[in-house]
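Using the sequences provided together with the hints, build the complete structure.
There are 2 protein chains.
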Amino acid sequence: MNEKIGILALGHGSKLPYNKDVVTGVAGLIAKKYRNVVVRTGFMNMNNPTMKEGLDAFKGTGVTTIVAVPIFLAHGVHTTEDIPQILGVSREDRKTTIKLDGRDVTLVYSEPLGVDELVAELAFKRAQEALSSN
Amino acid sequence: MNEKIGILALGHGSKLPYNKDVVTGVAGLIAKKYRNVVVRTGFMNMNNPTMKEGLDAFKGTGVTTIVAVPIFLAHGVHTTEDIPQILGVSREDRKTTIKLDGRDVTLVYSEPLGVDELVAELAFKRAQEALSSN
Chain A
50 MNEKIGILAL
60 GHGSKLPYNK
70 DVVTGVAGLI
80 AKKYRNVVVR
90 TGFMNMNNPT
100 MKEGLDAFKG
110 TGVTTIVAVP
120 IFLAHGVHTT
130 EDIPQILGVS
140 REDRKTTIKL
150 DGRDVTLVYS
160 EPLGVDELVA
170 ELAFKRAQEA
180 LSSN
Chain B
50 MNEKIGILAL
60 GHGSKLPYNK
70 DVVTGVAGLI
80 AKKYRNVVVR
90 TGFMNMNNPT
100 MKEGLDAFKG
110 TGVTTIVAVP
120 IFLAHGVHTT
130 EDIPQILGVS
140 REDRKTTIKL
150 DGRDVTLVYS
160 EPLGVDELVA
170 ELAFKRAQEA
180 LSSN
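These protein sequences, in sequence, are chains A and B.
Counted the way this note's numbering counts, the first sequence spans residues 50 to 183.
Counted the way this note's numbering counts, the second sequence spans residues 50 to 183.
Treat the hints as calculated values from the structure; they're not laboratory data.
Some clues are possibly wrong.
Which copy is meant is left open, because identical chains are indistinguishable; a pair holds if it fits in one copy or across any two.
Claimed, not checked - Straight-line alpha carbon distances no greater than 25 angstroms define the calculated PhoX-like cross-link-like pairs of lysine-lysine that follow:
hint : residue 1 : residue 2
1    : 174       : 82
2    : 69        : 174
3    : 174       : 81
4    : 174       : 101
5    : 108       : 53
6    : 108       : 81
7    : 174       : 144
8    : 174       : 53
9    : 69        : 101
10   : 144       : 53
Structure below.
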């Protein structure tokens with residue numbers, strides 16, 4: 050069976066629209082850039098789809114593995130405790146199996162964005178934009 | 050007078066070490082990648098240096114303009130209300146003048162990271178890393 054990868058972009062959720070807008074926007078860019086991957090979103094609280102609804106949204110897509118990627122800058126209590134609990138993964142193993150369309154699908158939990166050249170580059174770009182608009 | 054740019058990488062702050070580690074790590078990467086820029090950090094709460102201490106840390110560097118860049122993924126009440134208030138910038142103008150070493154220094158407040166191809170690329174990289182370690 051061919052591997053087909055799904056990415057569940059996990060958001061914190063917020064009463065304000067910004068967090069959902071960013072997570073949804075980033076998910077859209079992932080889907081556009083990596084066209085062989087099925088991308089869905091799920092929010093920890095305050096927004097829909099919830100994380101469980103996000104997993105359900107892979108039904109009918111034929112994905113064999115889903116990677117849940119926290120669209121969070123850094124670890125914190127949400128990424129180390131709350132989200133693993135909702136996903137049913139342990140902090141050691143970071144992997145479980147779920148049922149979708151009656152089939153076993155591997156669910157893997159990734160690291161958040163963290164320290165990376167790409168974040169440094171983006172922060173510098175935001176600084177340049179602010180300078181050029183002032 | 051030649052322009053000399055400072056970047057103040059603004060962090061949320063946290064009781065856990067992760068947020069400070071990421072903001073400090075990203076600030077280090079900015080300084081390494083863009084060597085003509087003076088980079089300092091400042092945290093909104095719970096960590097040091099505070100934002101005001103971060104601004105003071107540009108003393109003696111000769112910067113003529115400082116851009117405060119929120120190392121936040123999305124806007125929220127902190128980036129739209131709390132941080133502008135601490136920096137003394139309005140939401141419309143996003144710019145003020147501060148005194149450093151007895152000179153006027155322009156302080157500009159930038160957008161947070163937001164939706165960008167670079168975030169999509171990094172999220173995909175984290176997904177790939179999780180897949181290859183499982």
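Evaluation of the provided hints:
For the identical chains of this complex, residue 174 and residue 82 are neighbours both inside a copy (20 angstroms) and across copies (12 angstroms), given an alpha-carbon limit of 25 angstroms. In this assembly of identical chains, the alpha carbons of residue 69 and residue 174 lie at most 25 angstroms apart whether taken from the same copy (22 angstroms) or from different copies (21 angstroms). When the C-alpha separation of residue 174 and residue 81 is checked against a cutoff of 25 angstroms, the pair qualifies both within a copy, at 22 angstroms, and between copies, at 15 angstroms. In the homo-oligomer, the alpha carbons of residue 174 and residue 101 lie at most 25 angstroms apart only across protomers (23 angstroms), although the nearest pairing inside one protomer, at 35 angstroms, exceeds that limit.
When the C-alpha separation of residue 108 and residue 53 is checked against a cutoff of 25 angstroms, the pair qualifies only within one copy, where the shortest distance is 13 angstroms, while the shortest distance between copies is 54 angstroms. For the identical chains of this complex, residue 108 and residue 81 are intra-copy neighbours only, at 20 angstroms inside a copy versus 45 angstroms across copies, given an alpha-carbon limit of 25 angstroms. Taking CA atoms no more than 25 angstroms apart as the test, residue 174 paired with residue 144 passes between copies only; the shortest distance there is 18 angstroms, against 35 angstroms inside one copy. In this assembly of identical chains, residue 174 and residue 53 lie within 25 angstroms of each other by CA distance solely across copies; the values are 17 angstroms between and 34 angstroms within a copy.
For the homomeric pair residue 69 and residue 101, the shortest alpha-carbon distance inside one copy (16 angstroms) is at most 25 angstroms, but the shortest distance between copies (30 angstroms) is not. In this homomeric assembly, residue 144 and residue 53 come within 25 angstroms of each other (Cα to Cα) only inside a single copy, at 17 angstroms, whereas the closest approach across copies is 48 angstroms.
Checked against the numbered hints listed earlier, the structure breaks none of them; every hint is satisfied.
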